[in-house]
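Construct the complete structure from the given sequences, taking the supplied hints into account.
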Amino acid sequence: MPASEQELHYYDMNIHPYPEGSSSVSRMALEAGRLGLSGICASPHHDFFAGKEPLPQNFKVLRGVEVSPANANELRRLVEKYRSRVQVLAVHGGDEAINRAACEDGRADVLTHPHDGGKTSGINHIIAKLAADKQVAIEFSLFPIIHNRGGTRVRTLSSYRANFALVRKYGAPYVITSGAMSHYDLRDPRCMIAIARLFGLNEAEAIKGLTYYPEQIIRRSSASYVMDGVEIVGAGGGDE
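Just so it is clear: in the sequence shown, position 75 is 75 by my numbering, and no numbers are missing.
Since the hints were made in silico from the structure, they are not lab data. There could be a bad hint or two in this list.
[Stated by the list, open to error] No more than 25 Å apart at the CA atoms, straight line, and that leaves these computed lysine to any residue pairs for SDA-like: (1) K129 x K60; (2) K60 x G39; (3) K134 x R161; (4) K52 x E96.
[What the hints assert, rightly or not] Computed spacing ranges between beta-carbons, pair by pair: (5) R83 x H9: 18 to 26 Å; (6) E7 x N73: 40 to 48 Å; (7) G151 x Q216: 34 to 42 Å; (8) E7 x G150: 39 to 47 Å; (9) Q57 x A97: 34 to 42 Å; (10) P54 x S158: 38 to 46 Å; (11) N202 x H45: 26 to 34 Å; (12) C191 x R161: 15 to 23 Å; (13) E203 x D133: 26 to 34 Å; (14) S222 x E80: 20 to 28 Å; (15) N73 x E20: 23 to 31 Å; (16) R197 x N124: 20 to 28 Å; (17) E203 x A50: 35 to 43 Å; (18) R77 x A194: 34 to 42 Å.
Everything numeric in this text was worked out from a predicted model, so none of it was measured. All C-beta atoms in this analysis are idealised placements derived from N, C-alpha and C, irrespective of residue type, glycine included.
Following this line, the structure appears as structure tokens:
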């Protein structure tokens, strides 16, 4: 890697360890470090969330959750329930009403799977602008690109291209994740950047989705963070 690139810190902001996935968070952290990542976010769907399991101390692991609401009202209830218990709160989207509600709520950090509804890419101009205004990152998970085949993969790439065009237009934050369900699903940064280029990102944009925007989410999770431009000097960090 170029010298300047060696100074970057790469993060995978959405992995699913055991019991949702098949690998422990410790095993996934070990593999992530081997691959050159600086940190990961363990984000089980809320049905699998315990919130008390110990996290590895020798590698940066953020405690997260991915809530899966049935509607906008349930989204608000789940955000209330989990926001204070995690460093990173993700919302599993798909339905455009849920996508919009997530991007209207500044307490959400990431909107995942916005295209899961199937009929559209899940992001329109209004949602993209809300995401930019509220600093809710749009996720581009590599899991369906790596594991799907044929028309399903083609539709995913098409949705990602459409969504990133809007993210780029409105300056919304975004993250590139592996969506890993085991340590075998994790990928090194070079591989993640290469796959991201398949749906229209250039190298600099892909790097930003693995470094800059994750670091902004991590900064907001710190105990010292109050709001943009306001932080408490000397407060402890948000790590577990």
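Broken hints, numbered, in rising order?
Failing hints, ascending: 1, 4.
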